[in-house]
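Following the hints, put chains B and C in place on chain A, whose structure we already have.
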Amino acid sequence: MKSLINFFEKIGYSVTSRIKRLGTATRLFFLILISSGESFKRFHLIMKEIYFTGVMSLVIIIVSAFFVGMVLGLQGYYTLQKYGSSEAIGVLVALALVRELGPVVTALLFAGRAGTAITAEIGLMKTTEQLSAMEMMAVNPVGRIIAPRFWAGVISMPILASIFSMVGILGGYVVAVIVIGVDEGAFWSQMQANVDFRYDIVNGVIKSLVFGVACTIIALFEGFDAPPTAEGVSRATTRTVVTSSLVILGLDFILTSFMLGG
Amino acid sequence: MPGNLINIRNLSFGYGDELLHKDINMEFQRGKVSAIMGGSGSGKTTILKLIGGQIKPKSGSILVDGKVVHEQNLSGIYKLRRKMGMLFQHGALFTDLSVYENVAFPMREHTDLPENIIKDLVLMKLNAVGLRGAYKLMPTELSGGMARRVALARAIALDPDIIMYDEPFAGLDPISMAVICDLIRTLNDALGATSIIVTHDVAETFSFADYIYFIADGVVAAEGSPKQLMASKLPFVKQFIHSEKDGPVSFHVAAPSYNSDLAL
Amino acid sequence: MDKIKFDAWVGIFVAIGVISLLGLAMKVGNLTSNDIRETYSIIAHFENIGGLKPRAPVKGAGVVVGRVKSVVFDTKNYHAIVKIDIDKRYVFPKDTFANIYTAGLLGEQYIGLEAGGDTTNLGEGDRITQTQDAVVLEKLISQFLYSKASEEED
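Protein chains in written order, with the working numbering: chain A, 1370 to 1631; chain B, 244 to 507; chain C, 10 to 163.
These are computed hints drawn from the structure, not numbers from a lab. Worth double-checking, as some hints may not be accurate.
[Stated by the list, open to error] Calculated cross-link-like contacts (lysine-lysine; reagent style DSSO-like; alpha-carbon spacing at most 27 angstroms):
1. C:Lys62 / B:Lys362
2. C:Lys85 / C:Lys97
3. B:Lys322 / A:Lys1410
4. B:Lys379 / C:Lys14
5. B:Lys379 / C:Lys12
6. A:Lys1410 / C:Lys12
7. A:Lys1389 / B:Lys301
8. B:Lys292 / A:Lys1389
9. B:Lys301 / B:Lys322
10. B:Lys379 / B:Lys362
11. C:Lys12 / C:Lys62
12. C:Lys78 / C:Lys68
13. B:Lys481 / B:Lys265
14. B:Lys326 / B:Lys362
15. A:Lys1410 / B:Lys326
16. C:Lys12 / B:Lys362
17. B:Lys476 / B:Lys275
18. B:Lys310 / B:Lys322
19. C:Lys62 / C:Lys92
20. B:Lys362 / A:Lys1410
21. A:Lys1410 / C:Lys78
22. C:Lys62 / C:Lys78
23. A:Lys1389 / B:Lys299
24. B:Lys265 / B:Lys292
25. B:Lys310 / B:Lys265
26. B:Lys310 / B:Lys299
[What the hints assert, rightly or not] Not the full set, but computed from the structure, chain A residues with beta-carbon under 8 angstroms of chain C:
27. Met1416
28. Gly1423
29. Leu1427
30. Ile1528
31. Met1535
[As the list claims (entries may be wrong)] Cβ pair distances, simulated, as ranges:
32. B:Gln272 / A:Gly1406: 40 to 50 angstroms
33. C:Ile21 / B:Pro357: 49 to 59 angstroms
34. A:Val1428 / C:Arg136: 56 to 66 angstroms
35. C:Gly121 / A:His1413: 54 to 64 angstroms
36. A:Gln1450 / C:Ile28: 27 to 37 angstroms
37. A:Lys1410 / B:Gly387: 29 to 39 angstroms
38. B:His313 / C:Ile28: 53 to 63 angstroms
39. B:Gly435 / A:Met1425: 24 to 34 angstroms
40. B:Ala413 / A:Gly1406: 30 to 40 angstroms
Ideal placement from N, C-alpha and C gives every residue a C-beta, glycine not left out.
Chain A with its partners taken away, still in its complex shape (with noise of 0.2 angstroms):
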């Protein structure tokens, strides 16, 4: 009887501290959003962030891409084939990037590559006090190393997905056209037949902004409450990785929800 309690004790524990984190990482995004006009006047920073957030992961984004391109193109080929249908490949390679695997996967490799980065970089900040080194300068902390990460993902992640997709396309085009000999003018002419700018493309740099702003406030916010010990920074990066990811699949399936129905 008393491992019972003991586990619904457990239970409520988690769901209560849960809530208290969500409670407290709404309080750092109001923050972030308060202290974004000083991070906007130093611009520097901000590119500063870019850099390290979005141009050191094009390396992943461009590897990963052609790959996933590829391996679509090769898919779909050896499944439409069997209903006649080998042409539509360029559609199904362009609809599948840029609807979903382009802002879902960018997205997971974002939180896994530059999330981790930041969540460690903020938390080896706290546990060596230069935070509150900074607030006993008399200058705000949020404003100058937080917000211009923030801002940094946000606008780096819908240009990654952007390129993922496009490069996406290509790897799909190698193996489609080049590889396996369909015809390239079918390639292209049905994908543009079928892919509508609004209704796709679009869509899919809303989501890829979405999830900017869900993968970056995770990271950041696991730094920024990281318990200030070693052990505490490596737990932050895990739980960023795995926050991130199951938020940015569970955005996707209320978006895609919203967009297709609507």
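Chains B and C in isolation, oriented as in the chain A frame:
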């Protein structure tokens, strides 16, 4: 100006329900070097944070230059902090900036001085701590003692009225310790500042501090000049100063009798 | 020195991103063909529009000349009123036929315009008078069954 720069009155503070500080009174006179000493976890560093307004007391007040710290709004606190310089335990230098950039940071933030004047000031501060030759290095390239000296240069960048040191001697070799000792005293007198040191290093501190507070069990257990405390008869002070293994702070943590534990 | 390196790389990064987005828009999507030109609207009444939706293509001789803007139900004469936006480059005579076709066997429905011989053209807000409704599969099947049944009778 004579008198107290910082007054702590009836301060009580704690995280949660337990109180860390119970109704504490302290005064810090202008131009003097004061030390706050006590065992680990006695709440010494927390007092610095309370003075700096990073945390609020549960009851009582802290006055800096006549202003109650926890009643200030954000810009008020920032104004008070511009008069303070704090040296954190391991330096807390910004790891993505060079030594030069670190010391220049407060100047760039709070003054409109042109770059060439800032350069002169930075080199002057670095010279005061003996690290002018290291201005191009990054914090990761510095040893512990050097990093702490750069942090000190940064703390005095704007010639503050109050300089606070959080365990400045922790983990230093004897030479670096002697250097820091000397710097604390010299800088305090040169700048006419009020210095507060949180430490548990008896020998070093007693050699240059003007006034010392001992904190134990959340209250001020003893206070006085080094000479007065050396002569003190209080058992806790004697145990601390003479580094005795056992006394009011007992060797054994509370436990049931040894016989009953062995019988298990 | 560092600042120049950051700015340069970020600039390259953003440029690649913009190029990708443009590439997607132009090559992959259909931004070049539609939505940039000026259009004029005309109206057509149908008794049954089938599965015709807004943004469905409007074609003349198989070429996309416009899009369906909106579809509303008229309570006065129980018709569907379809508003069409046609590219200003293309003009159609007043006696044009508007038919609802299906792309492929089970594809989406679109409007096909067949020009008549009238010398005056349709202008902004004009109405197409000759329309043909969508073919509804159920009606087709029931027609077929009915004709089969009457065949059996004979």
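Hints, one by one, checked against the model:
Between Lys62 (chain C) and Lys362 (chain B) the alpha-carbon distance is near 70 angstroms, which puts this suggested pair outside the 27 angstroms criterion. At roughly 31 angstroms between alpha-carbon atoms, Lys85 (chain C) and Lys97 (chain C) are farther apart than 27 angstroms, so this suggested pair is violated. Between Lys322 (chain B) and Lys1410 (chain A), the direct Cα distance comes to roughly 21 angstroms. Compliance with the 27 angstroms bound is thereby established for this hinted pair. With a C-alpha separation of about 19 angstroms, the suggested pair Lys379 (chain B) and Lys14 (chain C) falls inside the 27 angstroms cut-off, and the hint holds.
Straight-line distance between C-alpha atoms of Lys379 (chain B) and Lys12 (chain C) comes to about 16 angstroms, which keeps the hinted pair within the 27 angstroms bound. At roughly 16 angstroms between alpha-carbon atoms, Lys1410 (chain A) and Lys12 (chain C) fall within 27 angstroms of each other, so this suggested pair holds. Our distance criterion of 27 angstroms between C-alpha atoms is met by Lys1389 (chain A) and Lys301 (chain B), whose separation comes to about 23 angstroms. Simply put, Lys292 (chain B) and Lys1389 (chain A) have alpha-carbon atoms about 25 angstroms apart, close enough for the 27 angstroms limit, and the pair holds.
Of the supplied pair hints, the one linking Lys301 (chain B) and Lys322 (chain B) holds, its CA atoms being roughly 23 angstroms apart against a limit of 27 angstroms. Taking the CA atoms of Lys379 (chain B) and Lys362 (chain B), the gap is near 12 angstroms; set against the 27 angstroms cutoff, the hint holds. Restraint check for Lys12 (chain C) and Lys62 (chain C): not satisfied, since their Cα atoms lie roughly 53 angstroms apart, outside the 27 angstroms limit. Under the criterion of a C-alpha separation no larger than 27 angstroms, the hint pairing Lys78 (chain C) with Lys68 (chain C) is consistent with the structure, at around 14 angstroms.
Between Lys481 (chain B) and Lys265 (chain B) the alpha-carbon distance is near 23 angstroms, which keeps this suggested pair within the 27 angstroms criterion. Distance hint between Lys326 (chain B) and Lys362 (chain B) is fulfilled; the C-alpha atoms sit about 21 angstroms from each other, no more than 27 angstroms. Distance restraint check for Lys1410 (chain A) and Lys326 (chain B): the Cα-Cα separation of roughly 25 angstroms lies within the 27 angstroms cut-off, and the hinted pair is therefore satisfied. Only pairs whose Cα atoms come within 27 angstroms are accepted, and Lys12 (chain C) paired with Lys362 (chain B) is accepted, the gap being roughly 19 angstroms.
Straight-line distance between C-alpha atoms of Lys476 (chain B) and Lys275 (chain B) comes to about 25 angstroms, which keeps the hinted pair within the 27 angstroms bound. For the proposed pair Lys310 (chain B) and Lys322 (chain B), the alpha carbon gap of about 11 angstroms is at most 27 angstroms, so the pair holds. Taken as a hint, the Lys62 (chain C) and Lys92 (chain C) pair is honoured in the structure, with Cα atoms around 11 angstroms apart against an allowance of 27 angstroms. Taking the CA atoms of Lys362 (chain B) and Lys1410 (chain A), the gap is near 23 angstroms; set against the 27 angstroms cutoff, the hint holds.
A distance of roughly 44 angstroms separates the Cα atoms of Lys1410 (chain A) and Lys78 (chain C); the hinted pair therefore is violated under the 27 angstroms criterion. Our distance criterion of 27 angstroms between C-alpha atoms is met by Lys62 (chain C) and Lys78 (chain C), whose separation comes to about 9 angstroms. The straight-line distance between the Cα atoms of Lys1389 (chain A) and Lys299 (chain B) is roughly 21 angstroms, inside the 27 angstroms bound, and the hint therefore holds. Between Lys265 (chain B) and Lys292 (chain B) the CA atoms are separated by roughly 16 angstroms; this keeps the pair inside 27 angstroms, and the hint holds.
With a CA separation close to 22 angstroms, the supplied pair Lys310 (chain B) and Lys265 (chain B) stays within the 27 angstroms bound. Our distance criterion of 27 angstroms between C-alpha atoms is met by Lys310 (chain B) and Lys299 (chain B), whose separation comes to about 14 angstroms. At about 5 angstroms, the closest approach between the beta carbon of Met1416 (chain A) and any beta carbon in chain C falls short of 8 angstroms, and the interface hint on this residue holds. Among the interface hints, the one on Gly1423 (chain A) holds; its C-beta lies about 5 angstroms from the nearest C-beta in chain C, closer than the 8 angstroms criterion.
For Leu1427 (chain A), the interface hint holds, the least distance from its beta-carbon to any beta-carbon of chain C being 7 angstroms, beneath 8 angstroms. The interface hint given for Ile1528 (chain A) is met, as the beta carbon of that residue sits about 3 angstroms from the closest beta carbon of chain C, less than 8 angstroms. Interface restraint check for Met1535 (chain A): the shortest CB-CB distance to chain C comes to about 4 angstroms, inside 8 angstroms, so the restraint holds. A hinted range of 40 to 50 angstroms holds for the C-beta pair Gln272 (chain B) and Gly1406 (chain A), which are about 41 angstroms apart.
As the Cβ distance of Ile21 (chain C) to Pro357 (chain B) is approximately 33 angstroms, the hint placing it in 49 to 59 angstroms is violated. Val1428 (chain A) and Arg136 (chain C) have their C-beta atoms about 59 angstroms apart, which keeps the hinted 56 to 66 angstroms range intact. Between Gly121 (chain C) and His1413 (chain A) the Cβ separation comes to about 58 angstroms, which falls inside the hinted range of 54 to 64 angstroms. Between Gln1450 (chain A) and Ile28 (chain C) the beta carbons are some 32 angstroms apart, a value that agrees with the proposed interval 27 to 37 angstroms.
For Lys1410 (chain A) paired with Gly387 (chain B), a C-beta distance near 35 angstroms keeps the hint of 29 to 39 angstroms intact. Distance hint for His313 (chain B) and Ile28 (chain C): a CB-CB separation of about 55 angstroms, consistent with the stated range 53 to 63 angstroms. For the hinted restraint 24 to 34 angstroms between Gly435 (chain B) and Met1425 (chain A), the CB-CB distance of approximately 48 angstroms leaves it violated. Against the hinted window of 30 to 40 angstroms, the Cβ-Cβ separation of Ala413 (chain B) and Gly1406 (chain A) comes to about 39 angstroms, which satisfies the hint.
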